[in-house]
Amino acid sequence: MNRASGNGDLFDNYLDPKRPHAGAFDEMFAADSTVRSAYRRLYDSLSPSKPADLATRAEALDRALVDQGITFSLSGQERPFPLDLIPRVITAGEWAKLERGIVQRVRGLEAFLADIYGDQQIIRDGVLPRRLITSCAHFHRQAAGVSPPNGVRIHVSGVDLVRDEDGTFRVLEDNLRSPSGVSYVMENRRTMARVFPDLFAKHRVRAVGDYAVHLLRALRAAAAPNVADPTVVVLTPGVHNSAYFEHSLLARLMGVELVEGRDLFCRDNVIYLRTTEGERQVDVIYRRIDDEYLDPVQFRPDSVLGVAGVINAARAGNVVIANAVGNGVGDDKLVYTYLPEILKYYLDEAPLLPNVDTYRCWLREERQYVFDHADELVIKPVEGSGGYGIVFGPDASAKELAAIRRRVRANPRGWIAQPLVQLSTVPTKVGQRLKPRHVDLRPFAVNDGKSVFVLPGGLTRVAVPEGSLVVNSSQGGGSKDTWVLAARSSTVDPELSGQRLGTPQEESAPERGPELTSAQQQQQQQQ
Amino acid sequence: MLARNAESLYWIGRYVERADDTARILDVSVHQLLEDATVDADATSRQLLTVLGITPPPGMELDVWTLTELVAMSREHAGSIVSSISSARENTRVAREVVSTELWECINSMYNAVPERQRAAKRVGPSLFFSFVEERAAMFAGLADSTMSRDDGWRFLVLGRFVERVDMIVRLLMSRVGDKPSSPGWVTVLRSAGAHDTYLRTYRGALDATRVVQFLLLDRLFPRSVFHALSQAESCLDHLDNQPSTRVGAKAEASRLLGKARSELEFLRPEELLEDLTGRLLGLQQCIRDVGEAVALQYFHSVPWVAWTNAEVSL
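So the sequences go chain by chain: A and B. With full-length UniProt numbering applied, the first sequence corresponds to residues 1 to 527, in that order. With full-length UniProt numbering applied, the second sequence corresponds to residues 1 to 315, in that order.
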C-alpha cells in the first residue's frame, strides 16, 4: 500500500496536517500521500521494516562512523558527524538539470572573477555598480592582476540548493572559497553501503568515490605549464580545525602531503616544503585556510597559519593557489542577487537554476519593503555562515524586529532579506519513527579548466529539530547519503570493454593440507 | 621438531592467511557491487568465484548475497572463509603443544564466534563478518609475533603465511586481468590488498593498471607484494635448512623454486611486466604449487597411513 498513513509502522502519521510548515514539498510523498516515483523502491524496501530493525541499523551506523573517525569539531569538541539512515534520492532527469545549471554558474562566475581581478569591464559597462564590488569585504585588491596559469580560480565550488514549495530547485548561495563537506559525501556512502547493503542492491546509484581523482587532476592541470610533475599540497589550518577530517581525507586520497603553514616557506617568490631531504618546490597549494589568514604579508599580520609571501609567489606565477584569493567577491550574498545580470553579460544566457527571491537592503525601495514585511521575511547578514545572525521574521518578537531594523539601517550593505522558503522535506529517523525534516543540498563541482565535473551526489544536510529550517551542522543539523540514480538508458559497461591486459583463466582449486578421513577419525576415537 | 607438527604449523599459517585474504577480496568486491551501479553483478561474481577456485553453480543468477554465501559462509566449498577457519583450528588442535596458549585461544575463539557472526551478518550485512575475520587474522599474526620463539616452528608458520600470500595476490590479480587498464576495478585490487593508501602515497594518486600490477608484484617495500612475500618465504627456507652449504646449485628444491621466481621478478624490466601477464601469473601459481609439494617432500615426510590387511598374528 503506497500510502503515507497506511499500516506501515515506520511511516505512521508521517503527513500530519498539523506539522509545522505543512506546505513544504515532501520528496517522498505527494500531497495526496501517494509515493513519488523516485522513492517508490526505497519505500517498498523500507515499509516492511520494524522500528526495531531501524534501531539496530542506526546503532551499527553510529558505531561505524565513530570507528572510522568521521567527526567534526564543534566548539573544540570532536563529535561523530550525524548521518541519517534514510537516503535522499534524486532521479537522473532532475540531476541532469541540476548539473547543467551548476556548470553554467561556475562558468559565469569564473568569467566574472577573471574580469573583476582584471579589467573590470562589467563595471565600466555599467552593468554592476562599482560600489557593489568595492564594498565587498571579500574583494581583495591584493589579488588584482594575479592570473592563474590555466585561468581557473574556482577549482572547487559548492552550490547550496533548496527545493521550494513547488519542488523547484533554487540556489540559496554559492560557495567559491573553500566549500567543505565533500568528505562526508564519500564517507556517508561508504558507511551506508556497509550498514544498509540491501537498499543499494535494488537501486542503480551513481558512485561518488572518485572525487579525489577529479580533484587531483584539476589541481595538477592548474600548475604552470612548464612543470612536468607538479607537487600538489593540501594546506590545512591544523588538527583543531572543524574540517580537519576532510583535509586529511582528501590529502590521503590524492596521495599528496597535508601541510600546515609552518611546513612551507617562501624564498625569492618560490614556495618550498621542508622535508627530511631538504627543500622541495611546491607548485599547487590546495588551501583550506581563509584568505585573511593565508599571507601575513598581505592580510592579517598576526596569522600563524599562513605562509608569508605566498600571494607574491602566486603573482610571480611560481605557485598556484586553489581556490584563488579573493573568490569571496563572487559568492557574496549581495553579488548573488546580480547573478542573472552576470550570466547575461558574460555568457548571454538566462540562469538555468533560479535564485531564491532576494530583497537588497541597500536599495531604498527594497529596504522599505523589508521593513514593512519584516515579520514575513528571513533577514540574513551578507557576511557570515553557519546560520549565525539570521532572523526569522515569523518567529521573531516585536522587540527583535525593532532591533534588526536598527541594525539594517546602520549597515544596509550588510543585510539581505528573503521570503521564508519552506525547504523540502525527506523522511528522517526521529526516535522510533520516520518524520519529515527539512533538507538542503550542496553538490560539489571541480573545474579543471577544460570541463566542469559535478560530483553525482552531494551533501544533503537535514535540520533535525522539528520545524527547524536551519540545516548547518553547527546548529544541530545532520546529513543524509544522497543518491543520484543512474539513467535507465545508460547501459555502458566500462568494466568489460576495450583493450584487456590478458585473458582470464580456468579455475584452480586452492591446495589443502592433510586431513584425516572419517574412518581414521573413528579409530582415534575408539582408542 | 616433529614433522607432523611442522606440517600443521605450515598449514595454520596458510589457512589463516587464506581466510584473511579471502575476506579482504570479498569485502571490497561486495562493496564495489553495491556502490557502483555500472558493474554487472553476475559476471563479476562468476569471475571472482573462478579465481578463488570455486565452481560457480550453473544456471543461477549470482548476486551479492549468493556470492557471500558461497565464498564466506558455505562449509561445502574448500576455499570458503568458514572452512579455512575450521581447518586452521583443526590444525592448531593437532599441534596444540607447539603453539602458545594465547595463539590457540585466538583461533579457537574465532572459530567459536563464527555462527554468531554469521547470524549478525545476515541481519545487518556481510561487512561485519569480513571485518571480524580480518581483525582476528591480524590478532593472530600479532600474537604469533609476540609469543612464539623464533625457532623452526615459527619459520614453518611464517613460510605458510607467505606462500599463501603469494598465491592469493596472484589470484587477486588474476581476477582483474580481463579488465582494461583504465578500469576502476584496479582500485578494488589495491583496496583488497590493503595497499590503497600506500599506493596513493607512492604514486601520488595517479591510478593505472601498469602501476597497480607493478606495485603488487614487484614492490620491494610493501609487505603484501608478491616479491616481498617470495623473499620472506625464501629466507624462512634458508634458515630451516641446516645442511652445510653446497658448492653448486641450490640446496633444496623448494628454495630453488622460490629463488628462481623471486629473481625473475627482481630482474624483470618493469615495462615488460604487462607482456603476457596471464602467463606470468599462471607461472607463479604453478611455482607455489610446486613449492608446496617440495616442502612437503623435504620436511613433512608425509607417509600414507598404513593399513594392514589380512594381517595375522602368529605366536
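Hints listed in this document are in silico derivations from the structure and should not be mistaken for laboratory results. The beta carbon of each residue, even a glycine, is placed where N, CA and C say it ideally should be. It is possible that part of the hints are untrue.
To be verified - Computed cross-link-like contacts, SDA-like style, restricted to lysine to any residue with a CA-CA straight-line distance of at most 25 Å: (1) K180(B) - D372(A); (2) K122(B) - R57(A); (3) K202(A) - R360(A); (4) K122(B) - R360(A); (5) K202(A) - G59(B); (6) K122(B) - T56(A); (7) K180(B) - A121(B); (8) K122(B) - Y43(A); (9) K122(B) - P17(A); (10) K435(A) - E27(A); (11) K202(A) - N108(B); (12) K180(B) - S508(A); (13) K202(A) - A43(B); (14) K50(A) - L128(B); (15) K260(B) - T278(B); (16) K122(B) - A201(A); (17) K260(B) - G249(B); (18) K344(A) - T168(A); (19) K122(B) - D44(A); (20) K122(B) - Q524(A); (21) K450(A) - S147(A); (22) K202(A) - A121(B); (23) K122(B) - R41(A); (24) K435(A) - G209(A); (25) K18(A) - S47(A); (26) K450(A) - D53(A); (27) K202(A) - A38(A); (28) K435(A) - G467(A); (29) K122(B) - S45(A); (30) K180(B) - F453(A); (31) K202(A) - P270(B); (32) K122(B) - A52(A); (33) K18(A) - L420(A); (34) K450(A) - G209(A); (35) K50(A) - Q118(B); (36) K399(A) - F453(A).
Stated by the list, open to error - A few chain A residues that don't get close to chain B, going by computed Cβ distances all over 12 Å: (37) A64; (38) M254; (39) Q525.
So, going through the hints one by one against the coordinates:
1. K180(B) - D372(A): It is violated: about 65 Å lies between the C-alpha atoms, which goes past 25 Å.
2. K122(B) - R57(A): holds (12 Å)
3. K202(A) - R360(A): violated (47 Å)
4. K122(B) - R360(A): violated (57 Å)
5. K202(A) - G59(B): Cα-Cα ~22 Å, so holds.
6. K122(B) - T56(A): Given pair K122(B), T56(A) holds - Cα atoms ~13 Å apart, limit 25 Å.
7. K180(B) - A121(B): Cα-Cα ~33 Å, so violated.
8. K122(B) - Y43(A): Roughly 21 Å separates the two Cα atoms, so the pair holds.
9. K122(B) - P17(A): violated (38 Å)
10. K435(A) - E27(A): Cα-Cα ~12 Å, so holds.
11. K202(A) - N108(B): violated (38 Å)
12. K180(B) - S508(A): holds (23 Å)
13. K202(A) - A43(B): Measuring from Cα to Cα gives roughly 18 Å; hence the hint holds.
14. K50(A) - L128(B): Holds: K50(A) and L128(B) sit about 21 Å apart, inside 25 Å.
15. K260(B) - T278(B): holds (18 Å)
16. K122(B) - A201(A): It holds: about 15 Å lies between the C-alpha atoms, which stays within 25 Å.
17. K260(B) - G249(B): holds (12 Å)
18. K344(A) - T168(A): holds (22 Å)
19. K122(B) - D44(A): Roughly 20 Å between the alpha carbons, so the hint for K122(B) and D44(A) holds.
20. K122(B) - Q524(A): violated (37 Å)
21. K450(A) - S147(A): Holds - the C-alpha atoms of S147(A) and K450(A) are around 17 Å apart, at most 25 Å.
22. K202(A) - A121(B): Holds. K202(A) to A121(B) sits at ~19 Å (cutoff 25 Å).
23. K122(B) - R41(A): holds (21 Å)
24. K435(A) - G209(A): Answer violated: K435(A) to G209(A) is near 29 Å, above 25 Å.
25. K18(A) - S47(A): Holds - the C-alpha atoms of S47(A) and K18(A) are around 23 Å apart, at most 25 Å.
26. K450(A) - D53(A): violated (47 Å)
27. K202(A) - A38(A): Holds: K202(A) and A38(A) sit about 13 Å apart, inside 25 Å.
28. K435(A) - G467(A): holds (11 Å)
29. K122(B) - S45(A): Holds, at about 16 Å.
30. K180(B) - F453(A): Holds, at roughly 23 Å.
31. K202(A) - P270(B): violated (43 Å)
32. K122(B) - A52(A): holds (16 Å)
33. K18(A) - L420(A): It holds: about 19 Å lies between the C-alpha atoms, which stays within 25 Å.
34. K450(A) - G209(A): holds (22 Å)
35. K50(A) - Q118(B): Cα-Cα ~21 Å, so holds.
36. K399(A) - F453(A): violated (47 Å)
37. A64: violated (9 Å)
38. M254: violated (5 Å)
39. Q525: Correct as stated: the minimum Cβ-Cβ distance to chain B is 14 Å, above 12 Å.
Checked against the numbered hints listed earlier, the structure breaks hints 1, 3, 4, 7, 9, 11, 20, 24, 26, 31, 36, 37 and 38; every other hint is satisfied.
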